[in-house]
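*Asks:* Residues 134 to 204 (our numbering) make up the sequence shown, in order.
What the hints contain is simulated information worked out from the structure, not anything from laboratory work. Every residue, glycine too, gets a C-beta built ideally from N, C-alpha and C. Hints may contain errors.
[Claimed, not checked] Between beta-carbon pairs, the in silico distance windows are:
#1 Met-135 - Tyr-160: 29 to 39 Å
#2 Ala-199 - Glu-152: 30 to 40 Å
#3 Glu-152 - Ile-188: 23 to 33 Å
#4 Tyr-160 - Asp-181: 30 to 40 Å
#5 Gly-147 - Tyr-170: 16 to 26 Å
#6 Cys-163 - Arg-189: 15 to 25 Å
#7 Ala-146 - Tyr-170: 23 to 33 Å
#8 Met-135 - Ser-180: 14 to 24 Å
#9 Ala-173 - Ser-203: 11 to 21 Å
#10 Asp-181 - Met-134: 13 to 23 Å
#11 Gly-165 - Met-134: 10 to 20 Å
[To be verified] Calculated cross-link-like contacts (lysine to any residue; reagent style SDA-like; alpha-carbon spacing at most 25 Å):
#12 Lys-159 - Gln-145
#13 Lys-168 - Ala-146
#14 Lys-159 - Ser-180
#15 Lys-168 - Ser-150
#16 Lys-168 - Asp-153
#17 Lys-148 - Gly-204
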Amino acid sequence: MMVALITMEHIQAGKVSLEDIATISKYATCVGGSKVYLKAGQKLTVSDLLEAAMIRSGNDAAYSLAEHVSG
134 MMVALITMEH IQAGKVSLED IATISKYATC VGGSKVYLKA GQKLTVSDLL EAAMIRSGND
194 AAYSLAEHVS G
């Protein structure tokens, strides 16, 4: 939830867009728990990652969002 909140704050501030493309890191693919099985090097929009993290509970998607938003 916190990753989604921070991502939405960055979107409202104009620092990130829902259409931004995030590249999945190898670190994101190694997180435990619930996953959506992202692949290293895969490119997804912030919108797709938000959906995967919030609706499908993908920890790998949440990790990728955090990486993208933090720079």
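*Asks:* Under the constraints set out in the numbered hints, which ones does this structure not fulfil?
*Replies:* 1, 2, 3, 4, 5, 12, 13
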